[in-house]
Amino acid sequence: MAVILVVGAVLGATARDFLSLPNIIDLLDTYSVQAIMAMGLFVVLVSGGIDISFAATASVAQYVAAKLATQFGLPAPLVIAAGLSIGILLGCVNAALIHYVRITSIIATIATMSISFSLLMYFSGGRSIYSLPDWWMDRIVFYQTESASGDLARITLPIVLMAAVALFTWAWMTRSSLGRQLYAMGGNPEAARRIGMHIGRLQFVAYGYLGLTAALAGLLQAHRVGESVPNAMVNTELTVLSAAVLGGASLTGGIGTVPGVLLGIVLLAILQNGLNLLGVSSYFFQIVIGATILISTSITVISSRRGRRHRILAGAPTHG
Amino acid sequence: MADPPLSRNYPDKGGLAHLMARLRPGLPGGHAGLAALLILLLVAFTAFVPNFLSASTLQSFMYQLPLLGLLSLAMVVPLISGGLNLAIIATTNQCALLMVWVMRSMIAADSGGATTLGIICLAMAVGFLLCLVIGFATGALVAYTGVHPILVTLGTKSLIDGISIYLTRGMALSGLPEMFTRASSSTLFGIPLVFLLMIGVAVLIGTILRHTVFGVACAMIGSNPEATRYSAVDTRRVLVGVYVMSSLTCFVAALVMLATFNTASADYAQSYLLVTILAAVLGGVDPFGGFGTVTGLMLALSILQVISSGFNQFGVSNYLTVAIWGAILIFVVMVQTARPYLVDVLAGIWRSTNGHGGSLRRRQDER
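Top to bottom, those sequences are chains W and B. Per numbering that gives the first Met the number 0, the very first residue in the first sequence carries number 0; after that it's consecutive. Per numbering that gives the first Met the number 0, the very first residue in the second sequence carries number 0; after that it's consecutive.
It should be emphasised that the hints constitute simulated quantities derived from the structure, not laboratory data. Glycine included, each C-beta is placed from N, C-alpha and C at the ideal position. One thing to keep in mind: the hints can contain errors.
Just a few of them, taken from the derived set where beta-carbon distance is under 7 Å, the chain B residues facing chain W [as the list claims (entries may be wrong)]:
| no. | residue |
| --- | --- |
| 1 | L39 |
| 2 | L41 |
| 3 | I149 |
| 4 | A322 |
Covered stretches of chain W, going by a simulated chain B footprint (3 or more residues, C-beta under 8 Å) [to be verified]:
| no. | segment |
| --- | --- |
| 5 | 32–42 |
| 6 | 101–113 |
| 7 | 128–139 |
| 8 | 276–289 |
Just a sample of chain W residues kept apart from chain B, beta carbon distances all over 12 Å, derived [unchecked claim]:
| no. | residue |
| --- | --- |
| 9 | S52 |
| 10 | L67 |
| 11 | V233 |
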């Protein structure tokens, strides 16, 4: 949190356009896809698991939906429903592997990731779909305003959806009994089982939800760029994971908040954007992300070890 | 179905004896299952693919395996200690880039054989040093800050990749001296040098893990870091050693990479990162740490490579091969999980048929 404020202040002072409304809205729009996936990943992390396959899930859902829309000309609601259910289905496959076959979540999801992504590349042949129907490509603007300098700032569909997903996840995880059960399961699965929680069902809920958000993110991404590229979302999984972890979601489960994860995304977003505005080469960005992860996690762990005030990463033993 | 404990997936049967039994072969059932799978695949491919078992297939096999093999070895050591090193590919690429850069910038067209050899040695020394530094830094971060290794190595991966990309602008570096390429593509008794290199490193790492105090300490940390600390093992120093070892394996991998690709780039072999974990787990390395052997890993790698070259000759797409790798992993873990249940079921059938037969006999006796 402090890191974000400091970075924001420094960038606001040095890069003049940084704190302008259009820039901030633009940032939100760009990072909405990752933020939505991060919400799903957050639920899985809280439940004590980890998922590497969600980017592949998003790609599969996006591509299949695009195929259905272009080749078979299915109407919008049907296409969206199909995309989302593919996401849920792939999430449930993960949950079934983890619960019934008892594979560690990281291994199971690495395996499903390689399977679903490779199959996608095989069947699509790596070809993109450019001719998405109009209902998919058209920008939906909810609110629009003009800043003093004449730039347009528009609240678009991705931003609204991101807010809705974040709000829903927050309310669900903190205000409902199911959410509290997921926290409990992540904190101590054995204890959760013994007080009568249905661990298997909770796994399906967590991974299914991640599948759903991933599919939603996939559909949105195609909406934003106006085409469906099979390998467009590769390698986002580690970025989203680091954002979630930067925001304080523990890799060992039971700990983390929605605002924290959103702040993690915001941190990455403002770093990239700020550096761009400062004219720093985009090649440099990776270095900054790496350094940020190392510094901020180290600081968090060391400070929590000292004071035991933030229980953010303290629960994570060195070798989970 | 009964509810086994969640966090650890082993059937908890006999305490210490069971543990020792597991420590030895790495995975329940030993390597017999993997070896059987390998032989089965070999037989199947030989039967269905013409010319599968030929000298040329074998040789291409020996050229393709070392890079993935060395990278997997670099992944296995941290895995056994209960950690993970996501930065192996980044380290390897950066090391290769540095070595090419040194060779290219120092060797003039007219420099003699001795100078060239000296510069190649210098480049290798510099690469070695780079990996040493990266290993020390990663190990120190993991050991002394107590941050989860996934996070630390995610950070170092990003950092190292970033530096490589920043310095090269994402371009590939080529221009290796002829002496290096000639030496690296040479063979000994028909066996490629790179393959021998991998075998050497594998034997070395296997011996270290199995027969040294350091290796035992690694496995102990992987099973229970706290208990290891209380048994007077300096866990922090061992952890630094683990990541140094992993990075130094990356140095060898960088040499092999230069030998196979003849160029270096920041984004080579990135797709191998998850495959190395997959191979390790397939070879019976416990992803939670503590258990695993180099032999198992090598068997698993051979399986993956046989599948890949076999399907390749069939004309199956590379993408499909990766999908099959994933499916094989899930299948193997499934069999492992189902084993206790299968044994129970089989024993039950055996007992009931036997009991049935026994009662029949008794009835016949009564007559």
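Checked hints:
Nearest Cβ of chain W to the Cβ of L39 (chain B): about 20 Å, over the 7 Å cut. The hint is violated. Evaluation of the L41 (chain B) hint against chain W yields a violated restraint, the C-beta minimum of about 23 Å exceeding 7 Å. The interface hint given for I149 (chain B) is met, as the beta carbon of that residue sits about 6 Å from the closest beta carbon of chain W, less than 7 Å. With 7 Å as the threshold, the beta carbon of A322 (chain B) comes within range of chain W, its nearest partner Cβ sitting at about 4 Å, so the hint holds.
With a threshold of 8 Å between beta carbons, the proposed coverage of the segment 32–42 of chain W by chain B is violated, since 0 of its residues qualify and at least three are required. With 11 residues having a beta carbon nearer than 8 Å to a beta carbon of chain B, the segment 101–113 of chain W meets the requirement of three or more and the stated coverage holds. Only residues whose beta carbon comes within less than 8 Å of a beta carbon in chain B count, and the segment 128–139 of chain W has 0; fewer than three means the coverage is violated. Coverage of the segment 276–289 of chain W by chain B holds. Counting CB-CB distances below 8 Å, 9 residues qualify, and the rule asks for three or more.
Distance check for S52 (chain W) against chain B: the nearest CB is about 10 Å away, which does not clear 12 Å, and the non-interface claim fails. With a cut of 12 Å on Cβ distances, L67 (chain W) stays outside the contact zone with chain B, its closest approach being about 21 Å. Not every CB of chain B is more than 12 Å from the CB of V233 (chain W) (nearest about 9 Å), against its label as outside the interface.
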